Each structure stands twice: as C-alpha cells, then as structure tokens.
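Visitor: Starting from the given sequences, assemble the full structure and let the hints guide the process.
Protein chains in written order, with my numbering: chain D, 1 to 228; chain E, 229 to 429.
Read the hints as simulated data drawn from the structure, not as lab findings.
Keep in mind that this is a model prediction, so the values were computed, not measured.
Do not take every clue at face value.
To be verified - Restricting the straight-line Cα-Cα distance to at most 20 Å, the calculated cross-link-like pairs of lysine to aspartate or glutamate (DMTMM-like) are:
hint : chain 1 : residue 1 : chain 2 : residue 2
1    : D       : K172      : D       : E182
2    : D       : K172      : D       : D197
3    : D       : K172      : E       : D283
4    : D       : K172      : E       : D266
5    : D       : K172      : E       : E272
6    : D       : K172      : D       : D186
7    : D       : K172      : D       : E40
8    : D       : K172      : D       : D68
9    : D       : K172      : D       : E96
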Amino acid sequence: MGATVIHPATELRFIDPAIGYGVFATRFIPRGTIVWTLDEFDRILSRDQVRDLPGLLRAQVETYAYVDSNGQFILCWDFGRYMNHSCEPTSRSVGEAFEIAVRDIQPGEQLTCEYGVLNMSGTFACACGTPSCRGRIGAEDLASHWPRWDQEAAEAFRASFDVEQPLLPYAKLSSGDRAIAEAIRDGRLIPLPSSQDYQAEAPERAPAGGGLWAVDAPVTASERSASR
Amino acid sequence: MIHPDTALVRIDETVGYGLVATRPLPRGTITWVQDALDQVMPPEQWRRLPAAYADLIDRYTYGDAQDNRILIWDLGRQMNHSCAPNCFGTLYGFEVALRDIAAGEQLTNDYGTLFQEPHEGFACTCGAHGCRGTTGAPITPDQLARLRAMLRDSLAELPWRPQPLGVLLHPDALLNACRDLGADDVVTMSVREALSARPRS
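Guide: This is the structure in structure tokens:
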C-alpha cells in the first residue's frame, strides 16, 4: 500500500527509536515528480485550536505539524508527516502545496525535505551526514540559504513538465498555488515565489501537559480491592 | 489517538502494514480513542470531494449510522480486520482490548461492525474460526453478540489498567457504552470513579 498524497511509490519504515519513522521510495521516482501535495484531508489548525487541545494531542501536533505562511499548523493526514529533514533533501518546496523531487530518487532511498522553510520554533541537531549539513537546524537558516533553496526549487519545477504527476488531482490549491499547478500541467514556465515569501512568526510552543490516567505500574490486587 | 505502545510494521505482501503492540496490552486497556484531530466528514462534505478522492474515502475512512465518514488522523487507521478481533468499540468512540494482547501481536478490529459500502470489502485471510471470507460482509448477529459480551466483560477491567489514553476519553462515551452493553452497576460505578479521578489535561 503506497499512501497518497505522499507519492504512491513510497512506504513508511521505522528507522530507529531516535529518528522514528521515515518515508522511503519503493520504486524509482524521477526528478521533477511532485512527491507530496497539500490536500483536502490535511488538517489545518489555528494557534488557538492547538492551544486548546489536550496536552497529549498538542504534543502530537507540535511534533508532526508544520507552520504555514499564515501561522497555521498543518497536520498532514498521511505518511507525509513522517518525512525527515536533510540538508540536501530529495525535494524542495514549490509554493505551499508542492514538494518536488530535485533529483532522481532510487528505490529504497529515503525521501527528505528542508525543515528550514517550515517556520519551526527552536532548533534541532541534524545528523543527515551530507557534505552541506548545517549541524543545527532552525528557522533563521532561511535568511542565508534561500538563494540555493530557491534555485533548486526552480530547477525541480522545470523538470516537473517532463514526468508523470500522479498527485496533481489531489492538490488543495490557494490562488498562488493554482497558478503553479496549471503551469506544471501545461508545461509552462512562470516566475515562482521565493521560499522567503512563506515566513511566519514561529508560534510559541507550550510545554505539553502530562496527565495520564493511571500510573505506569498496573494497580496491584490489594489496591484494587481497597478501591472497591 | 492510538495507544502509544503500538507501531506500524510491514506484515507481508498480502496484508501490507499492520499495527502491532510494542508492549503487552492487557485486556481492558483502552487501545484507541476518537479525538479532536480525527475528522468527521458529513455526507455533504465527503460526497463533494474531487473524483480522485473516492478511493481514499474507501480505503482510509469508515462510516457511521449518519452517513458520516470518519478519517482517523494517526496510525490507528492502519488497524487490520479480523473476524475474531482483539479490539472492539469503534462506534462508541473508543476501542478496548478484548483479551490480553502480547508484544508483537497485531491489533485488529472487525470491519463488519462499521458501516461499509459493499464494494469496500476485500477477501479476508484472518483464518479465525467463523471467518466470513470477506471484510465487506456485515458481522453476523452471533458474532456481534459475542463481541458485545467480550467488551462488556473488558469494561470491568478497564478502571484498573494503566490508561495513557484515558485523558482523551469523553466521559459520556464510556458511560453510554456501559449502559448500551448492559454492564452491571458495580462496573459502571467503578468506571465513573476512574473517570472522575483522571488528572486534568
């Protein structure tokens, strides 16, 4: 089972307890392929909605969602939310609705993206091991790295005209993204927005509340009868 | 939300993925709770989606008596079908382990208890005694009665189990289930006490 609307030729694999899951290609995916699209099932949550969630769920949103240019949390419904970061990712963001492969992706290769454009709060240590690994990843990286990111996105966009695009019918499009979708479909060059255009103030992340129903150890027989 | 002590693993070519316990989940453990991140799509919403979505609706959502389609947001939706499942309760808004589930064992539920269109069914290879051969056939009255009895008995264990998902549970969901299943008063009372003793989220 490949899950759309992450590309159908992908699967979820558990990597290790530190990294968790990752998304891997099950078949060859050529450069220019849309590997992820924003769609109708992705959940869009305002900051207020996230703040009002029970702590257990808020922690999930803060782990798996990203923040769009309107400062809203986007929780991808499918395996897309398990895509890991790499400093030399297999795809770049083009507009806000598409991730497009910047190079050919081989079967078994992990699909990765750039978290520096996702309006993260805080930073994390990166262990991607690529030659251009920045070591520490944060929202401020955009300011110095956007020219290369935008250039790779533009090249991926050009390559998108020549390959199959199974995800296009699922895309949920704002007016700006609609123009990009039509250009991909028609094979027509248009000026693309810059990754700088999608910056939003990183939301404050409240610490997740604990609140488990019971203690870790099962209730003993004597406690049990005492409670009765 | 699905129980945190679960993981998605590849079972085999036929079955694809399955959700397995990473630690033992004793009978009475709440294995899943419908939560605020799950989407309940009314008919006027899901029937109006682009044509490409028809297959996603079939494969990743389930139905209820009001013709809503429910899209579970997390890996809980990867739970496979069995004609002799170890979890039950979806339409009450939560699921409970009907028997002890060992580490490494798959969590399963019976798709025949959900509101499915006939075309959504596929051949069942669960191999359980009484296997209906397809996931599309509604559950038989006997099988449903057995699941209800197992769930009712499991509710008696529920207040005494560690319940990491307990904090997400709507009190009415659990008390409605107690009433609907004919749980005895002592069980209902201990469930009520456990709910009121929950820490605030």
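Visitor: Evaluate each hint against the coordinates.
Guide: Hints and how they fare:
no.	hint	in the structure
1	D:K172 - D:E182	holds, 13 Å
2	D:K172 - D:D197	holds, 19 Å
3	D:K172 - E:D283	holds, 17 Å
4	D:K172 - E:D266	holds, 19 Å
5	D:K172 - E:E272	holds, 18 Å
6	D:K172 - D:D186	holds, 18 Å
7	D:K172 - D:E40	holds, 6 Å
8	D:K172 - D:D68	holds, 14 Å
9	D:K172 - D:E96	holds, 10 Å
No hint from the list above goes unmet by this structure.
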